[in-house]
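S.K.: Given the sequences, and given the hints that come with them, work out the whole structure.
In the order they appear, the protein sequences are chains A and B.
Under this note's numbering, residue 354 is the last one in the first sequence; the count climbs by one each step, no gaps.
Under this note's numbering, residue 354 is the last one in the second sequence; the count climbs by one each step, no gaps.
If you are wondering where the hints come from, they were derived from the structure by calculation, not from laboratory data.
From a predicted model like this one, the values you see are computed outputs, not experimental measurements.
There may be inaccurate statements among the hints.
Short derived list, chain A residues pointing at chain B, Cβ under 10 Å [claimed, not checked]:
hint : residue
1    : Ala119
2    : Ile148
3    : Glu153
4    : Phe197
5    : Pro329
For each residue, glycine too, the CB sits at the ideal point set by N, CA and C.
As a plain string of letters, each chain reads:
Protein chains: 2
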Amino acid sequence: LLGDLPPAQASEGLAQMEDAGEVLPLLGYPDETAGGLMTTWFIALRRHTTAEQAIQFLRRANPDTDIPYYLYVVDRTQRLVGIVGFRDLVVALPDTQMEAIMNPEVIKVTVGTDQEEVAHIMSRYDLASLPVVDENERLLGVITYDDIVDVLEEETTEDILHLGGIESGPVIDKPYWDQRISSVVRSRFFWLLALFFAETFTGTVLRHFEEELQTVVALSFFIPLLIGTGGNAGSQTVATVIRGLALREVRTRDILRVWWREVRTGLLLGVLIGAVAYGRSLLWNVEPQLAFTVALTVAAICLWANSVAAIVPLVANAVGIDPTIVSGPLMTTLIDGTGLVIYFSLAAAILPEL
Amino acid sequence: LLGDLPPAQASEGLAQMEDAGEVLPLLGYPDETAGGLMTTWFIALRRHTTAEQAIQFLRRANPDTDIPYYLYVVDRTQRLVGIVGFRDLVVALPDTQMEAIMNPEVIKVTVGTDQEEVAHIMSRYDLASLPVVDENERLLGVITYDDIVDVLEEETTEDILHLGGIESGPVIDKPYWDQRISSVVRSRFFWLLALFFAETFTGTVLRHFEEELQTVVALSFFIPLLIGTGGNAGSQTVATVIRGLALREVRTRDILRVWWREVRTGLLLGVLIGAVAYGRSLLWNVEPQLAFTVALTVAAICLWANSVAAIVPLVANAVGIDPTIVSGPLMTTLIDGTGLVIYFSLAAAILPEL
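M.R.: This is the structure we're talking about:
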């Protein structure tokens, strides 16, 4: 992949290839940056190189190496000044200089740019390749579209694992069958344990309401149903917000507008499902006040779940935490406990026995 | 995008461009197939066309249109017989025929191929473009890498929405802020309602065990904790299996092997978390038999959740249902109800009061 044209093949003053020695510094760039993604295999020409000289050079180059999609034009300090497509080169008259056919408005990134940002730029501008420069605009390498497909797949895998409550680190770089069971357990144990402890908060709430539970045992029938509905409403909102963030449609500064949208949606859904819940509860022959408590709790929990689920991913994003990490089971667990508080508070206010 | 070279520009017997009339049939291909993705803008040459003729043709072509990455070689019935890269054309001697420089081993797809399959092929073989043919191998169009990036993003959005319990249809084609609240509610209501009804199964289970709940009210303290842990373990397994399916690492025929892997993982995690649960329950001053019941239930639920979560996505995939649809809240809801049955059955067997 890091194929190379020996400098001896280059016509004098015509083409400059990075030599093999320069591949080594690549190891110095973090994997998830433009520097870690780029190949140093590219063809750099000068402004005054003619089309014929360029073609002569290409003719002598090793034909077995991968096809680059563009030729790059640099000045004498290696600063990137333009790009030339192969098609422009093919159709140019032989003595046309690169300066005349190059596009001087080059979209480029610096070597430390995050791979997600790189993927976003290439996808937004439909680029087959993207040059990488250092802080002095000197051309260091090129990222091609196929690297971006890999980045997108890796980012998706990471998001799906996070949303499922898995620490992606121990398993992300291995295909399913190559993951050792011990790594799989490691990637899941911490979260399962942390969520277990977070979820014990629900037990604390229930112990607090032990007397109410003893007086009206039917209250407990609705516990999984209510916290389940809250978790589901929260999951829906989180999915929407997470995706909006990933696609750059939603930004941190939109937090109030997002919250307001999701609150209205939550209220509408809560009232609709609450009405259904009222009817369904009566079918279980519980007293009407309890059915009313359940219906009101459904509406309140949907509203609350949507609020929390709208805000948490955006706050996480603002403070530099990957929002997918806090948006899966952790969010559901948070909604479970607070949902129970809503339920028993409403029950204590509405039911005459309590 | 569907820019075009009028046939008059083509040298005799040299190049054949699809003409504008042929763009119309595109509308006949479903959006999510190769036919719906392809552009009919491509350059087709014949075997005996020379490099010089090809370059002459390109010189006269409209330079404002997008650069295609390859030239295609077809026979007289439009059957695709090879591809030529621009670089090969640039470096070829003027009288070289296409036949000599073309690569006859062309990776191609037929017009009805699903877009996910197209993305998979292009990503697997690192292709910048992929020709689309009809059932007689006649060249119809070309799909380029930038379409694939869009497909991958759309598929990811669909997966994340499904896993969040949202019907993607009403919202998938609109950015966050352009989705009307009514469409958002529509995309979420059905699932929230269906899950509500599915979750009422937990109420049925609890009513069935009303007597036990009345006798040992402390049993109810652990309900959200236990079904929460089951849901979390299931979410972890589902995330792993779903991603394995999407990356083609896991296939339907692997169902028993996947099940066996996830069962072992579930057992290990269940025993670990169960041990923690035992200690934590004692801290709540419940009787040791109840703490033991909770610990055993944690282990059993983790095992059960992993079993269900390993099998359901693969069965869905086998019968042609998108596995992400059944793998989010629907799975959690299923595990909630069955988890309660496990809990109360173990309690009835272990606790002396029951």
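S.K.: With reference to the structure, classify each hint as holding or not holding.
M.R.: Hints, verified against the model:
At its closest, the beta carbon of Ala119/A sits 8 Å from a beta carbon of chain B; the interface hint therefore holds under the 10 Å criterion. Annotation: interface hint on Ile148/A holds; nearest CB of chain B at approximately 7 Å, less than 10 Å. Proximity of Glu153/A to chain B holds as hinted, the smallest CB-CB distance being about 7 Å (cut-off 10 Å). Of the supplied interface hints, the one on Phe197/A holds, with its beta-carbon coming within about 8 Å of a beta-carbon of chain B, less than 10 Å.
At a threshold of 10 Å, the smallest CB-CB gap from Pro329/A to chain B is about 5 Å, leaving the interface hint in force.
In terms of the numbered hints stated before, the structure departs from none.
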